[in-house]
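Colleague: Based on these hints, arrange chain C on the given structure of chain G.
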Amino acid sequence: MNTNHERAGTGAGARGRPDYIRIEGLSKHFGDGGEGVLALKDIDCSIEQGSFVTIVGPSGCGKSTLLRILAGLLDYGIGRVVLDGQPIQGTRRDVGVVFQSSILLPWRTILENVMLPAEVLGIPAKQARERAMQLLHMVRLDGFEHKLPRQLSGGMQQRASIARALLHDPKILLMDEPFGALDAMTRERMNLELQRIWMESGKTVVLITHSIPEAVFLGDRVFVMSPRPGTLERVLPIDLPRPRSMDVMSHPTFAAASLSIRERFSHAASFD
Amino acid sequence: MTTAMLAKTDSVASSDDRASPPAAAAIQAKPKRRANPLASTRVQSILLLAALLGAWEAAVRLFKVPQHLVPPVSDIVVALWRGLATGPLAKDGFWYHGGVTVTEILLGFLIGSGVGLAIGIVVSQMPKVEALLEPYVAALQSVPKVAVAPIIVVWLGFGIGSKVMIICLLTFFPVLVTSIAGFKAVDPDRIDLLRSLSATPWQIFRKAKFPSALPYIFAGLNMAAAFSVVGAVVGEFVGAQAGLGVLILQMEAQADTGGSFAVCVVLSVIGIVLSSLLRRIQRRVLHWMPADASQRTVNA
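Protein chains in written order, with the numbering used here: chain G, -3 to 268; chain C, 323 to 622.
Derived by calculation from the structure, the hints in this document are not laboratory data. Where is the CB? At the ideal position from N, CA and C, for every residue including glycine. A couple of the hints might just be wrong.
[As the list claims (entries may be wrong)] For lysine to any residue, the following SDA-like pairs were computed, each having C-alpha atoms within a straight-line distance of at most 20 Å:
id, chain 1, residue 1, chain 2, residue 2
1, C, LYS529, G, GLY118
2, G, LYS167, G, GLY81
3, G, LYS143, C, PRO523
4, C, LYS529, G, LEU107
5, C, LYS413, C, THR425
6, C, LYS450, C, LYS529
7, C, LYS529, G, THR105
8, C, LYS413, C, GLN563
9, G, LYS122, G, ARG104
10, C, LYS450, C, PRO523
11, G, LYS122, G, HIS164
12, G, LYS143, C, ARG605
13, G, LYS143, C, PRO612
14, C, LYS529, G, LYS167
15, C, LYS529, G, PRO102
16, C, LYS529, G, SER97
17, G, LYS143, G, ASP165
18, C, LYS529, C, VAL552
19, G, LYS143, C, ARG606
[What the hints assert, rightly or not] FRET-style restraints, in silico, Cβ to Cβ:
id, chain 1, residue 1, chain 2, residue 2, range
20, C, TRP524, G, GLY176, 31 to 37 Å
21, G, ALA121, C, PHE532, 18 to 24 Å
22, G, PRO233, C, ALA460, 57 to 63 Å
[Claimed, not checked] Here are some of the chain G residues that sit facing chain C, going by a computed Cβ distance under 7 Å:
id, residue
23, THR87
24, ILE99
25, LEU144
Chain C extracted, bound-state conformation:
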């Protein structure tokens, strides 16, 4: 417990902060880190990454692995550089295709999870409707949504719309399911408290139900964020005119595996930025939760 608290210098608060306030923990931890940078977990994990990449480069060169199978790390870096050193409208550059993919991701994520949350809210205020829909939601949730990607491309064409729709489908369900679960898990005492004050249903929703369900909703949004990147790439694989998925297919057709890897790196960065943005919003909204507790809810 104490070591965990020392490591967590930027945590909002720990569970037993009355015994030792987080500020005190931060003061204790900082000089320690300056004394020995190798002791920091962050430095250690960066070193680990460097070691792994170095081993990759060495192994590929040592065993003379063909470049179209596994390119050396240096090739990937060069491809990454070439792709990034392009104008925003260059049809072979990362910025153009990345822009298309990011647009799809953002639109799909916002619309899909927004609709999922809205329906989740409406449905969970009506227990009868919820009971009616529950088996269908459960059944639809287990359908692999990417399987319908080709159909959606047929319906909506090769433009951005079909990709947005696929992402909507992928992000809609996790948010719907977690928000329904969140509203179901609201402590009935909190509702009784508001009722004892003669609160209106809207007041009960706004002051007790919705904030209580937020940790669950954020768990769904985190899932949805990860799915939205998958959805964009799958949709672009199936059929598209632009986007990083298209770029991967083009590069593979030219046996440019280094280029494909570079695009994968870009996709990973997009995913990481998206999820860390979301986590930052979550930390701000759920500031009242102990840092480890909110993390636990999200992982559940």
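Chain G with its partners taken away, still in its complex shape:
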């Protein structure tokens, strides 16, 4: 699967090596022997440095498993996963993870939450504080530094968790359905914000979602996965200019891409 020709139109940020993240023949099996579940089967793909990849698929297609493997939170059985030239062995500090829920620690203020990675990784507090304030400004949470998480709305909490994931300046941002719990309006706004944050920061982003519009809107490429066992069905380049606005949803390219993913899903569902 060569990536160069699939590259999206006018992507942002500095583009680098096409196989910045390289997954070869990855399979993951849960449980013992024949009774277990094959969560992932023969995944092969590459992710270009600085690009935005979205992974979409129905529940149970192993997309979260794939992300947890990339984050180093889960061992993998068969295959090879190489990140920036090094095979993944456990968690690494050049990766930031945004989880399904914001997982802000309720006893810490927003600023303290955003600074958590600094404490863990031993970044000097003064420097971390400065960076945290910049990031909070970037996610538009100025003035909320000293609030507790429960004083913020769900969307604000998730934005704080994005700032936290970026604090130690990781090169790769992994996002596991970060906006799944938000209402549709907030979600659209968060998609726009995320696009802006990505374009400003130039990170490589892998985002998991079960929303087709979200996948098409955000992704330079959309990885379509199908369940039982989780396989990578298709890689769909989204050739739409950046920055994309919500109007892009009525663009013929957008509609065609969404339709083709939806067809994949209904095709897969017909086997149930």
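Modeller: Structure of chain C alone, referenced to chain G:
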């Protein structure tokens, strides 16, 4: 919801404080209370207490109840006054015996719950050990610990040590059990978050597990505080040279029921002070919890 918020003037924050900040609620509630003091729940409950004590006094005098059965309230007050108007070393005064009992309570509570918390922490970081010990902890927890009080007095004598040991036994288990439960209830997402940052086990413990378990631990400490007063009195009943329990036995031997009641009042005050001190510490440590939520955890 709104009336509850108005009543709670000193609460740290309410659950939907974005809609109406607690400061605003306090401003609204204060002038209201000044306008009509009888509307305050606190004033009402003090009036209720006064009415009940008055009824007690009246009933005892009206029906001529023998004093050694139920003394009139005025007798209790007099006994209380006599007991409190003594020097700290007077062997028949409340200060001397109260001092002994409070020492026992504090030592027993601190050692018992401290050891319980320490073992709870160690055990819950080792799932295999936890599984091994779990049935025994559950079995021991249902043993009535006061039943072994006489044995402990035989072992450790009539001094302060046996009482401290009994209180330790009583306070150890609730703290152990709740801290294990607290560590078990830590949201695995929080651990994943720390793991994703390559945190060490100690960092995971300090930054996620321990603070997450604190509401549970405080629930155990509150239980332990109540048990520690019970433990001191029971231990002193079984065998002791000094302490408020001893004083109660001495007074009962002289049919001084008013005096016994007065000692009970002192014991209640000790219990109330202890638990309100603990609640104050809890409110400070768990300041991030909505006031009603922390209360709910404690009652659970």
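Colleague: Now tell me if each hint is right for this structure.
Modeller: Do the hints match the structure? See the list:
no.	hint	result
1	LYS529(C) - GLY118(G)	14 Å, holds
2	LYS167(G) - GLY81(G)	13 Å, holds
3	LYS143(G) - PRO523(C)	28 Å, violated
4	LYS529(C) - LEU107(G)	15 Å, holds
5	LYS413(C) - THR425(C)	16 Å, holds
6	LYS450(C) - LYS529(C)	23 Å, violated
7	LYS529(C) - THR105(G)	13 Å, holds
8	LYS413(C) - GLN563(C)	10 Å, holds
9	LYS122(G) - ARG104(G)	17 Å, holds
10	LYS450(C) - PRO523(C)	17 Å, holds
11	LYS122(G) - HIS164(G)	13 Å, holds
12	LYS143(G) - ARG605(C)	18 Å, holds
13	LYS143(G) - PRO612(C)	13 Å, holds
14	LYS529(C) - LYS167(G)	25 Å, violated
15	LYS529(C) - PRO102(G)	11 Å, holds
16	LYS529(C) - SER97(G)	18 Å, holds
17	LYS143(G) - ASP165(G)	24 Å, violated
18	LYS529(C) - VAL552(C)	36 Å, violated
19	LYS143(G) - ARG606(C)	17 Å, holds
20	TRP524(C) - GLY176(G): 31 to 37 Å	32 Å, holds
21	ALA121(G) - PHE532(C): 18 to 24 Å	21 Å, holds
22	PRO233(G) - ALA460(C): 57 to 63 Å	59 Å, holds
23	THR87	5 Å, holds
24	ILE99	5 Å, holds
25	LEU144	5 Å, holds
Taken one by one, the earlier hints fail for this structure at numbers 3, 6, 14, 17, 18, listed in ascending order.
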